[in-house]
Amino acid sequence: MGIVCNLLLLGYFKYVNFFLNTVNACAGTSLLAKSILLPLGISFFTFQQLAYLVDVYRGEPAERNFLRYCLFVTFFPKLIAGPIVYQREFLPQLSKPGIYRFNPDNLAEGLTIFLLGLFKKVVIADMLAKFADPVFTAVSTGVLPSPSFFVAWQGALAFTLQIYFDFSAYSDMAIGASRMFGITLPVNFNSPYKATNIREFWSRWHITLSRFLRDYIYIPLGGNRKGQIRQYINLMITMLICGLWHGAGWTFVAWGALHAVYLGVNHGWNKIKAAFALMPQRVGWLGIWSGRLLTFSAVISGWVLFRAESFSSALAFLKGMIGLNGAVLPSQILNLIPPLRALVKSAGTVPLLAGGTVMGFVQFSLITLACMVIVFFSKNLYELNLRRRIYLLVPSFAFVFQAILFGRMPSDFIYFKF
Amino acid sequence: MLKFNTHLRQIAYACVFSILIYLVVFSLILKLPLTTGLTHNYYVKKLAYAAGLESPKVVLFAGSNGLFSYRCESMATILALPCVNASLHAGLSIDVALMGLREYLKRGDIVLLPLEYDQYTQSRFRMVRNVETNNYVVTYQPKWLLLFSPERIVRALFSFDLEYLSSALTEMLLSSAGVERRYNMNTLTANGDMKGHTSMKGLEYREFISGLPQPVPDERFFTQHTFDGEREVAKFLSWARTNGITVIGMLPTIFDDTPVPPAVIDKLRRLFTDNNQRFLVVPGYAQYQRSCFYDTHYHLNEECQIRHSVSIAHQLQPFLKEILSAKSPT
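Protein chains in written order, with my numbering: chain R, 1203 to 1620; chain G, 152 to 481.
Source of the hints: derived by calculation from the structure; they are not laboratory data. You may find that some hints are simply not true.
[Stated by the list, open to error] No farther apart than 20 Å at their CA atoms in a straight line, the calculated lysine to aspartate or glutamate pairs in the EDC-like style are these:
(1) R/K1332 with G/E205
(2) R/K1298 with R/E1262
(3) R/K1547 with G/E358
(4) R/K1332 with G/E283
(5) G/K182 with G/E254
(6) R/K1547 with G/D369
(7) G/K352 with G/D369
(8) G/K418 with G/D369
(9) G/K472 with G/E205
(10) R/K1428 with R/D1417
(11) R/K1396 with R/E1262
(12) G/K294 with G/E283
Chain R extracted, bound-state conformation (with noise of 0.2 Å):
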């Protein structure tokens, strides 16, 4: 009955629209939507009682004071974005006697995880929507029906690091304001482009919500104890539910299933390694780094499916950066690098390429490069003891600060749709 209660409500808030637009769609009628305002953290607190329901029935002991129980459910640095935690890591800590008395310790800790966090999310993930976010809307709003090689390309990386660095950002502030309180959220977010392989892509991205689906849905509906079909069906429902829950809209059902394609394409490529003895057990740095290239490449196909407004836009996108719609830079550029007209058209200005003059190429790449450093090669907040986040604060805390008092407006976090 829980259940089916959290989930009617998800489906009305969040789904309801996403219904009838779809009904129209496919009957030509027009029922008309609904203006429903979406409660804040309905997907995020949806499964958090999903999962302590499931729970309880499992055995687990039920919270029987409901200060605690609302307290679990709606404990405000994780209430819009997650971690999705379960209630055998929160509540206990809860009955701590030290959790409600003021701990210096906790306070460092958490404080130089949250600001650390905030630079990653004011001024990185901010400054990368900047390059991103004009090409996304010129490609939906048919300003640019046919973005040019080099100008989707700077969409589509752009925006994945974007998402990146914005929901790593979500990630520590959350999990360091949360010590500030004295209470440890699990880690949510591990370097997910330095994986291999994508399913250790997905035992680092949004860890919670991975190990939710496992835990409730692909281990329910037979995980792999089924055969190897059952499986990859298994496989399908779970990531199209999960695509499904980052957006009520047909490109992210199909980012999901894009993702239970490549989980696929991964589990049968294990299969065959193993019945083949293919690879070598020690895989050197050529192995990991092909491996490391080749999941960030279906990484990236895949935040295009996901960030495009329709699928007509992230076909439009992905056609361009594989070059079916040609290149094109800006004559000054082509001036430096006189090679490069064999292959590519000039134009006077592409203004959507890093406003389109030879620095803002060069900017642009710059920044990609050292956001790449950082996303391939640094050690993440959780691998640094405080000191070494001490250190860290002096290069970024003047950017916060900045940021925050004099900067532009800083943008909605992406997860915060969610």
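With chain R held as given, fit chain G onto it using these hints.
Using the frame of chain R, we list chain G on its own:
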């Protein structure tokens, strides 16, 4: 408690140290040599040229509309007066741009002001938060900071973000490698006009220009509000009048696909005449076919720039004769 003090104190030190490093690095070390630096070099060169001219002289001032669409070199001959094109670019907020313009002017000078429409509609909020202006003042004109309010000084000092850092590193790198912008010190005439932006070179922007929107202001928006940009212009007009300087407002050059609403022109005319200055509306309202533009709106190509300037100069002749004879002591 000792550990508490140590860690929290270390965090506080790190934050303060971070801000100090930020202020030193951005105020004294990092620059944008190819954009803001070039603007400053233009300013210095034009100011030096103007300093060598006898008054009365003609000073033409706008954003890049003045730089690309007007040719003092051609106008000076027709007007028989020395002329300097003091235009920089419209990215600078209007109050600071006019602050810079005052340094050119002496009693008896005549200012031509074909400001872009969006210069008039700037808000105080936008001026104070104009990153480009704040960067320019902190890096190249720190003495102008003294003319700012305390809030604006702090805003100016903290106007540098990570994007600026990456721009500065890029520009310093490219500059040290000898890369120059399309516009540089060599594309400026002695009078301070842009040169060399021929229609032939402009062909590669033709497609881009054909897709640009017309920058004519919305009539209702423009006429039903009084903007801070207008107030700044009015303040300047009043200052000019007090100091014996004549200002002639003019329309900026834009595409001719839609006419400029008469109410907009009336409002601009009133702004100038209410402050005892003048406003010149030329036949055709300074509107030209898109093929006359070089790389964006407000930028005529060189051929049209010269043609437009010659036409403007001829229409200014009777105006100037009247002004100069009124000022003449005989």
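Each hint tested on the structure:
1. A C-alpha spacing of about 48 Å is found between R/K1332 and G/E205, which places the hinted pair above 20 Å, so the restraint is violated.
2. Our distance criterion of 20 Å between C-alpha atoms is met by R/K1298 and R/E1262, whose separation comes to about 19 Å.
3. Between the alpha carbons of R/K1547 and G/E358 the distance comes to roughly 13 Å, so the proposed pair stays at or under 20 Å and holds.
4. The straight-line distance between the Cα atoms of R/K1332 and G/E283 is roughly 17 Å, inside the 20 Å bound, and the hint therefore holds.
5. Simply put, G/K182 and G/E254 have alpha-carbon atoms about 24 Å apart, too far for the 20 Å limit, and the pair is violated.
6. A threshold of 20 Å between alpha carbons decides the hint, and for R/K1547 with G/D369 the separation of about 36 Å lies outside it, so the pair is violated.
7. As the CA atoms of G/K352 and G/D369 are separated by approximately 32 Å, the hinted pair breaks the 20 Å bound.
8. Under the criterion of a C-alpha separation no larger than 20 Å, the hint pairing G/K418 with G/D369 is consistent with the structure, at around 13 Å.
9. At roughly 17 Å between alpha-carbon atoms, G/K472 and G/E205 fall within 20 Å of each other, so this suggested pair holds.
10. Between R/K1428 and R/D1417 the alpha-carbon distance is near 16 Å, which keeps this suggested pair within the 20 Å criterion.
11. Between R/K1396 and R/E1262 the alpha-carbon distance is near 35 Å, which puts this suggested pair outside the 20 Å criterion.
12. A distance of roughly 17 Å separates the Cα atoms of G/K294 and G/E283; the hinted pair therefore holds under the 20 Å criterion.
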